[in-house]
Amino acid sequence: MSTSNSSNSSAALVALSNDLANVVERAGQGVLAIHARHRVPSSGIHWQKGVAVAAEHTIKRDEEIQISVPDGRTVPATLAGRDPGTDIAVLKFDAGDLTPPDISDSSSLRIGHLVLAVSRSEGNHLGASFGAISAVGGTWRTWRGGQLDQFLRLDLAIYIGFSGSALVNAQGQVVGLNTSGLARGMAMAIPASTVNRVTKELLEKGHVSRGFLGIGMQPVILPAAVRERLKLASETGALLISVEPDGPAAQAGLMLGDVLLALDGQAIRDTDDIQAHLGSEKVGKQVSASILRGGALTQASIRIGERPRRGR
Amino acid sequence: MILQMNGDSAARFDEALSAVGEKLRRSTVQVFDGRRGAGSGVIWRADGWIVTNAHVVSGGSARIRFADGRTLEADIIARAAERDIAALYVAASDLPAAEIGASTAVRVGEIVLAAGSPFGVRGAVSAGVLHAVGPVPRVGKQRWLQADLELAPGNSGGPLADASGRVIGINSMIAMGLGLAIPSHEVEQFLRRAMRRREAA
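From first to last, the protein sequence lines stand for chains P and G.
Counting with our numbering, you get residues -11 to 300 for the letters of the first sequence.
Counting with our numbering, you get residues 14 to 214 for the letters of the second sequence.
Worth double-checking, as some hints may not be accurate.
Derived, one-sided and incomplete: chain P residues facing chain G with beta-carbon distance under 7 Å [to be verified]:
| # | residue |
| --- | --- |
| 1 | SER(-2) |
| 2 | ALA0 |
| 3 | VAL2 |
| 4 | LEU4 |
| 5 | SER5 |
| 6 | LEU8 |
| 7 | VAL28 |
| 8 | HIS113 |
| 9 | LEU114 |
| 10 | PHE118 |
Here are the in silico distance ranges between beta carbons for each label pair [unchecked claim]:
| # | chain 1 | residue 1 | chain 2 | residue 2 | range |
| --- | --- | --- | --- | --- | --- |
| 11 | G | GLU95 | P | GLY125 | 47 to 55 Å |
| 12 | G | ALA24 | P | ARG98 | 18 to 26 Å |
| 13 | G | ALA24 | P | GLN274 | 56 to 64 Å |
| 14 | G | GLU201 | P | SER96 | 42 to 50 Å |
| 15 | P | SER96 | G | GLY82 | 49 to 57 Å |
| 16 | P | HIS26 | G | THR84 | 49 to 57 Å |
| 17 | P | THR62 | G | ALA118 | 22 to 30 Å |
| 18 | G | ARG206 | P | ARG25 | 39 to 47 Å |
| 19 | P | GLU52 | G | ARG209 | 46 to 54 Å |
| 20 | G | GLU201 | P | LEU191 | 46 to 54 Å |
| 21 | G | GLU95 | P | ALA264 | 55 to 63 Å |
| 22 | G | ALA118 | P | GLN263 | 49 to 57 Å |
| 23 | P | GLY60 | G | ASP81 | 43 to 51 Å |
| 24 | P | GLY126 | G | GLU28 | 36 to 44 Å |
None of these hints come from the bench; they were simulated from the model.
By construction, the Cβ of each residue, glycine as well, lies at the ideal position given by its N, Cα and C atoms.
Whole structure, please, built from the sequences with the hints as guidance.
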């Protein structure tokens, strides 16, 4: 085969290759290296002018954090706040003339879409990993208690500096913050809308609040006779095994030994079901609780409190 | 700037990948050094010069098996263990040499292909993207083309090529999941020295 022949047939591949390199170069202008742990840095994204987002689990210290930016400088950064629940940390730094990358909503991503993870590593070098979206789901409660607006699983290789790197779509837009810290090392992305929501709250308050009932629970199987008599649909409920004095639940009259069956009409089958009612937006709101007490159904109205913050 | 992958472009992409893979396969050889297993090598010049890794020919001899099935004994002209590179010479004049690319002009994110004999499977091609260029933490200060693609032991000494099938590096090792390749411009420098040595001899 002659050279001209082979260059003709490779044209589609060369075009795609150039597109990918362009996408990396463009998005890379918004990708940072975050020096907040021992040895190798993690990555971060220039999310708003002077505001960087990173994977919370890679931010091992609260002070003496530095950021390497695309123009070659390494500048000091201050931690604005962290939310372990969604694995997002927000930092402030002097962005100079840098502008944030083109950030877009991730809701149009479909399984099979080509994506890149763009990182920045030691020596201020860009790193790229190429793959596809392997799973897309609705809202997802993380195992650390936060909520992601969308579940995005990635089929691409994880290299050093992956966590905090940018998920970049084929149009070159940043659509999420990558992390391997939310699901046992699996490559996934925190969608842009969740990063926006958490960043706003961290910049305003320095932390993400969570709802709080002041109860300890254990799932229990409801006796068949009781279920039949009271016409209960679910087979399990949450038994209160501790009630914090003066906590929101105690103030609403809940007692040790009560079995929580539903909140706002939604069945509580185990303790995980409670989490959906304890998002930051629920703090201060009234919620109606259906309770099984002494073999009878009763109702209570609980005003959701804010979970006390543990000292860091 | 914008990727447009409709059904048609996916098909053209597929076609291009197989054409480039075929081109690369022809200039890739298997290298046996008398021990178990085989490494790979790249026909760098049609007049008999083949490049591989030093560790592929640590047995001291080298028998070359070409893509068309021919086998020839090669002389090991130069071997640099510290950079893991070796220059071999076979008495031939019309070998299907690789087209050599410019490793100094590569870009992060561009498509790269590797050919070789991973696990002894002859003529295997894998594709990915260039992850980064430069030293690798904990691997030393040498510069590497770091590729985000699947490699296996038999890929050692084989080509890393760009999207047109031009060889930009020699695959040498796998570190932290990345395929590390010696940049082609370093290979050229090394080969020039080896050629002078052979002329002098």
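Hints versus structure:
For SER(-2) of chain P, the suggested interface contact is upheld, since its CB lies about 5 Å from the closest CB of chain G, less than 7 Å. Proximity of ALA0 of chain P to chain G holds as hinted, the smallest CB-CB distance being about 4 Å (cut-off 7 Å). Interface restraint check: VAL2 of chain P against chain G, minimum CB-CB distance 4 Å, threshold 7 Å, status holds. For the restraint placing LEU4 of chain P at the interface with chain G, the shortest Cβ-Cβ distance is roughly 6 Å, inside the 7 Å limit, so the hint holds.
Given hint, SER5 of chain P at the interface with chain G, holds; its Cβ is 4 Å from that chain's nearest Cβ, closer than 7 Å. For LEU8 of chain P, the interface hint holds, since its Cβ comes within 7 Å of a Cβ in chain G; the closest pair sits about 5 Å apart. With a least beta-carbon distance of about 6 Å to chain G, the hint placing VAL28 of chain P at the interface is held under the 7 Å criterion. Evaluation of the HIS113 of chain P hint against chain G yields a held restraint, the C-beta minimum of about 5 Å falling below 7 Å.
Nearest Cβ of chain G to the Cβ of LEU114 of chain P: about 5 Å, under the 7 Å cut. The hint holds. Given the 7 Å rule on beta carbons, the hint for PHE118 of chain P holds: about 4 Å separates it from the nearest Cβ of chain G. At about 50 Å, the CB distance of GLU95 of chain G to GLY125 of chain P agrees with the hint of 47 to 55 Å. A hinted range of 18 to 26 Å for the beta carbons of ALA24 of chain G and ARG98 of chain P is consistent with their spacing of about 19 Å.
Separation of ALA24 of chain G from GLN274 of chain P is about 58 Å and conforms to the stated range, judged on CB atoms against 56 to 64 Å. Roughly 46 Å separates the CB atoms of GLU201 of chain G and SER96 of chain P, a value that falls within the hinted 42 to 50 Å. The supplied range of 49 to 57 Å is met by SER96 of chain P and GLY82 of chain G, whose beta-carbon atoms lie about 50 Å from each other. Between HIS26 of chain P and THR84 of chain G the beta carbon distance is about 51 Å. The supplied range of 49 to 57 Å therefore holds.
Range check, THR62 of chain P to ALA118 of chain G: Cβ separation about 27 Å, and the 22 to 30 Å hint holds. At roughly 42 Å, the beta-carbon separation of ARG206 of chain G and ARG25 of chain P lies within the given 39 to 47 Å, and the hint holds. A hinted range of 46 to 54 Å holds for the C-beta pair GLU52 of chain P and ARG209 of chain G, which are about 53 Å apart. A C-beta distance of roughly 52 Å is found between GLU201 of chain G and LEU191 of chain P, which places it inside the suggested range of 46 to 54 Å.
Distance hint check for GLU95 of chain G and ALA264 of chain P: the Cβ-Cβ separation is about 59 Å, which falls inside the suggested range of 55 to 63 Å. Our hint of 49 to 57 Å for ALA118 of chain G and GLN263 of chain P holds, since their Cβ atoms are close to 52 Å apart. Against the hinted window of 43 to 51 Å, the Cβ-Cβ separation of GLY60 of chain P and ASP81 of chain G comes to about 50 Å, which satisfies the hint. The beta-carbon spacing between GLY126 of chain P and GLU28 of chain G, approximately 38 Å, falls within the hinted interval of 36 to 44 Å.
In this structure, none of the earlier numbered hints is contradicted; all agree with it.
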